[in-house]
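Chemist: Build out the structure end to end from the sequences listed, making use of the hints.
Okay, here's what each chain looks like letter by letter:
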Amino acid sequence: MSLLEVSTLRAGYGPVNVLVDLNLVVEEGEIVVILGSNGAGKTTTMRAISGMIARSGSITFAGQSITKSSPDAIVRAGIAQVPQGRGTFPELSVEDNLRAGAFVRNDDEIDEDLAHWFEVFPRLRERREQRAGSLSGGEQQMVAIARALMSRPKLLLCDEPSLGLAPLITQELFGIIASLNRDKGLSVLLVEQNANLAMKIARRVYLIETGRIVASGSSDELSADDSIRKAYLGF
Amino acid sequence: MERFLQYLFDGLSIGSVYALLALGLVIIYRGTGHLNFAQGEMALFCTYVVYQLGEWGIPIGFALVIGVAVGFALGAVVEVTLVRPISKKSPFAVFIVTIGLFQGLNWLDGAIWGDQILPNSAVSKQANFPTLFPSKDTDFVTILGAAWRLKYLGVLVLVLVLTAVLFFVFNKTKLGLAMRAVASNPESAKLVGIRTNRVLMFSWGLAAAIGALGGVVFAGINNSVNLGLMFTVFIYSSAAATLGGFDSPGGAVIGGLAIGVIENMGAGYFPEWIGQELKLGVALFVIVVVLLVKPSGLFGTAKVERV
Numbered sequence: 010m011s012l013l014e015v016s017t018l019r020a021g022y023g024p025v026n027v028l029v030d031l032n033l034v035v036e037e038g039e040i041v042v043i044l045g046s047n048g049a050g051k052t053t054t055m056r057a058i059s060g061m062i063a064r065s066g067s068i069t070f071a072g073q074s075i076t077k078s079s080p081d082a083i084v085r086a087g088i089a090q091v092p093q094g095r096g097t098f099p100e101l102s103v104e105d106n107l108r109a110g111a112f113v114r115n116d117d118e119i120d121e122d123l124a125h126w127f128e129v130f131p132r133l134r135e136r137r138e139q140r141a142g143s144l145s146g147g148e149q150q151m152v153a154i155a156r157a158l159m160s161r162p163k164l165l166l167c168d169e170p171s172l173g174l175a176p177l178i179t180q181e182l183f184g185i186i187a188s189l190n191r192d193k194g195l196s197v198l199l200v201e202q203n204a205n206l207a208m209k210i211a212r213r214v215y216l217i218e219t220g221r222i223v224a225s226g227s228s229d230e231l232s233a234d235d236s237i238r239k240a241y242l243g244f
Numbered sequence: 002m003e004r005f006l007q008y009l010f011d012g013l014s015i016g017s018v019y020a021l022l023a024l025g026l027v028i029i030y031r032g033t034g035h036l037n038f039a040q041g042e043m044a045l046f047c048t049y050v051v052y053q054l055g056e057w058g059i060p061i062g063f064a065l066v067i068g069v070a071v072g073f074a075l076g077a078v079v080e081v082t083l084v085r086p087i088s089k090k091s092p093f094a095v096f097i098v099t100i101g102l103f104q105g106l107n108w109l110d111g112a113i114w115g116d117q118i119l120p121n122s123a124v125s126k127q128a129n130f131p132t133l134f135p136s137k138d139t140d141f142v143t144i145l146g147a148a149w150r151l152k153y154l155g156v157l158v159l160v161l162v163l164t165a166v167l168f169f170v171f172n173k174t175k176l177g178l179a180m181r182a183v184a185s186n187p188e189s190a191k192l193v194g195i196r197t198n199r200v201l202m203f204s205w206g207l208a209a210a211i212g213a214l215g216g217v218v219f220a221g222i223n224n225s226v227n228l229g230l231m232f233t234v235f236i237y238s239s240a241a242a243t244l245g246g247f248d249s250p251g252g253a254v255i256g257g258l259a260i261g262v263i264e265n266m267g268a269g270y271f272p273e274w275i276g277q278e279l280k281l282g283v284a285l286f287v288i289v290v291v292l293l294v295k296p297s298g299l300f301g302t303a304k305v306e307r308v
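For the record, the sequence lines run as chains G and Z.
Numbering of the first sequence is given in this note's numbering, commencing with residue 10 and proceeding in unit increments.
Numbering of the second sequence is given in this note's numbering, commencing with residue 2 and proceeding in unit increments.
Derived from the structure by calculation, the hints contain no laboratory data.
Do not rely on the hints blindly, as some may be mistaken.
Distance condition first, Cα-Cα at most 35 Å in a straight line; then the derived DSBU-like pairs of lysine-lysine [stated by the list, open to error]:
hint	chain 1	residue 1	chain 2	residue 2
1	Z	295	G	77
2	Z	295	Z	175
3	Z	175	G	163
4	Z	280	Z	295
5	Z	173	Z	295
6	Z	173	G	77
7	G	193	Z	175
8	Z	175	Z	280
9	G	77	Z	90
10	Z	152	Z	89
11	Z	152	Z	173
12	Z	295	Z	90
13	Z	152	G	163
14	G	163	G	193
15	Z	137	Z	152
16	G	193	Z	173
17	Z	280	Z	152
18	Z	126	G	77
19	Z	280	Z	137
20	Z	175	Z	90
21	Z	126	Z	280
22	Z	295	Z	89
23	G	163	Z	295
24	G	77	G	163
25	Z	126	Z	152
26	G	163	G	239
Derived contacts from chain Z toward chain G, CB cut-off under 7 Å, selection only [said to hold, decoys possible]:
hint	residue
27	174
28	178
29	181
30	185
31	186
32	187
33	191
34	196
Which chain Z residues face chain G? A few, computed with CB under 10 Å, are given here [claimed, not checked]:
hint	residue
35	188
36	189
37	248
38	287
All C-beta atoms in this analysis are idealised placements derived from N, C-alpha and C, irrespective of residue type, glycine included.
Modeler: Here it is, written out as structure tokens:
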């Protein structure tokens, strides 16, 4: 049984279906990347899995159907999303952003987790009292990732974490995502335009075009494919 | 000095009522981004309910709890049935809806209780609108020669306590965190598992409940309730929220107290120039000046965002 199974997914906004027939799978412990150009349906895929938009077809997570679940039920089930453009709570302090991430939890280990993620992201600890909106883009992306992790997800959805960030910072973030996967077994579904970096940390890759998966395979297979390399990697 | 203190005390007490209504305006504005034009009329309906309960012999403490609960239910129902479906279609239309609600509720009050000052000896058993605090002519404290009637002072104390409680809820509880998260970024609030619809329903309920409290204590100060009771209060509260900053609960309270004091000082020190007739002009003048000089209000936040 795969951790996440998406089949014949249709989703969109109002009468317009952006995704027409989307199928993909994420196994436990994998990093999977979805590559595609602007408007191909990457963000829509993420929002459909998170329950933020109307959808039909079938989405199964850890054996349970979440096709009709509300966003809060999906977070409780163990999926956390880092939205595109970071989506922090700009008026709230860094610490409150992280605490909001633990909203669905009722256990008494929230303070421990907070301390833990401040270890992983020491720059956030320095700024824990600061308003998130006053942080740099890279720091805000860290806030968004740490916030998502505060819900103790089994699967992390990352929507274009590299958007608007300097290459060095993107590299640092991808390093963190890779180590979360390696050390804690966190499964990650990553959406990216920055194919080079994403394919380095991903085990498998899906290519999406106008709402459909048009190719899939391991990172090595796809980067060896000439036409794909030209279209997505640019060399 | 006595005169100054007298105006100050009166201003702070009346200002407390403005602060309550302004708090309601701010809670709704932060939650859903709307100016609730019906805030005063929702409070007025609850005030009439408390009057009616008094007629039925229910003591004020208990009647107030029921009135506030009616306010909460009214606010929550308005959010779910009117504001939510309409704001999906057009956010601006919600403003028009609240104006309609303003009219409709006032009409409803008139249809039930009539266009008269209540209580009055012709129809009421009660002599005065019930108040929580000692209200005989002899119930006052004297501070440096100025008298502060206990029923006025009580309102101020009530508002300060309520503000402290709300401050605690907003900043120290999970519910408060959810409310602040929804106000800051509703999309992300959903993504972390906050049921934003419930939070918004609760926000409207809370705002109307606080407003109901404001209406009841104001009718207590005023000794009576009538159809026009809350209209000017609403204007003053809007001025208070503008002055304090429409997204700042603390600012709403300070703004309310300040408007109360400014209004009373203006009317007291310039009886011929401003007087009782032009008091409302003071509030409107404050709105215009604040909007010109510091549109976000004294404690409001101008949006800061780095990308």
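Chemist: All hints are to be evaluated individually against the structure, with a verdict given for each.
Modeler: Quick rundown of the hints versus the structure:
1. Z:295 with G:77: 47 Å, violated
2. Z:295 with Z:175: Satisfied, since the Cα-Cα distance of roughly 32 Å is no more than 35 Å.
3. Z:175 with G:163: 23 Å, holds
4. Z:280 with Z:295: Judged against 35 Å, a Cα distance of about 22 Å means the pair holds.
5. Z:173 with Z:295: 29 Å, holds
6. Z:173 with G:77: It holds: about 33 Å lies between the C-alpha atoms, which stays within 35 Å.
7. G:193 with Z:175: 28 Å, holds
8. Z:175 with Z:280: 41 Å, violated
9. G:77 with Z:90: Holds. Residue 77 of chain G to residue 90 of chain Z sits at ~24 Å (cutoff 35 Å).
10. Z:152 with Z:89: Outside the cut-off at roughly 44 Å; violated.
11. Z:152 with Z:173: The hint holds at about 31 Å.
12. Z:295 with Z:90: 32 Å, holds
13. Z:152 with G:163: Given pair residue 152 of chain Z, residue 163 of chain G is violated - Cα atoms ~58 Å apart, limit 35 Å.
14. G:163 with G:193: OK: residue 163 of chain G and residue 193 of chain G at ~10 Å, within 35 Å.
15. Z:137 with Z:152: Measuring from Cα to Cα gives roughly 9 Å; hence the hint holds.
16. G:193 with Z:173: 31 Å, holds
17. Z:280 with Z:152: Holds. Residue 280 of chain Z to residue 152 of chain Z sits at ~22 Å (cutoff 35 Å).
18. Z:126 with G:77: 57 Å, violated
19. Z:280 with Z:137: 27 Å, holds
20. Z:175 with Z:90: With Cα atoms ~31 Å apart, residue 175 of chain Z and residue 90 of chain Z stay inside 35 Å; holds.
21. Z:126 with Z:280: Distance ~33 Å between residue 126 of chain Z and residue 280 of chain Z Cα, so the pair holds.
22. Z:295 with Z:89: 31 Å, holds
23. G:163 with Z:295: 47 Å, violated
24. G:77 with G:163: Status holds; Cα separation ~19 Å.
25. Z:126 with Z:152: Roughly 21 Å between the alpha carbons, so the hint for residue 126 of chain Z and residue 152 of chain Z holds.
26. G:163 with G:239: Holds, at roughly 34 Å.
27. 174: It is violated, given that the least Cβ distance between residue 174 of chain Z and chain G is near 11 Å, above 7 Å.
28. 178: Since the shortest Cβ distance to chain G is 6 Å, the answer is holds.
29. 181: 6 Å, holds
30. 185: 4 Å, holds
31. 186: At about 5 Å, which falls below the 7 Å cut-off, the nearest Cβ of chain G leaves the hint on residue 186 of chain Z intact, so it holds.
32. 187: Not OK, violated: residue 187 of chain Z not within 7 Å of chain G, min 10 Å.
33. 191: 5 Å, holds
34. 196: Cβ of residue 196 of chain Z sits 5 Å from chain G, so the hint holds.
35. 188: Because about 6 Å separates residue 188 of chain Z from the closest Cβ in chain G, which is inside the 10 Å limit, the hint holds.
36. 189: Hint holds; residue 189 of chain Z Cβ to chain G Cβ min 4 Å, cut 10 Å.
37. 248: Holds, because the Cβ-Cβ distance from residue 248 of chain Z to chain G comes to roughly 8 Å (cut-off 10 Å).
38. 287: Violated, about 25 Å.
Hints 1, 8, 10, 13, 18, 23, 27, 32 and 38, counting from the list given before, are not met by this structure.
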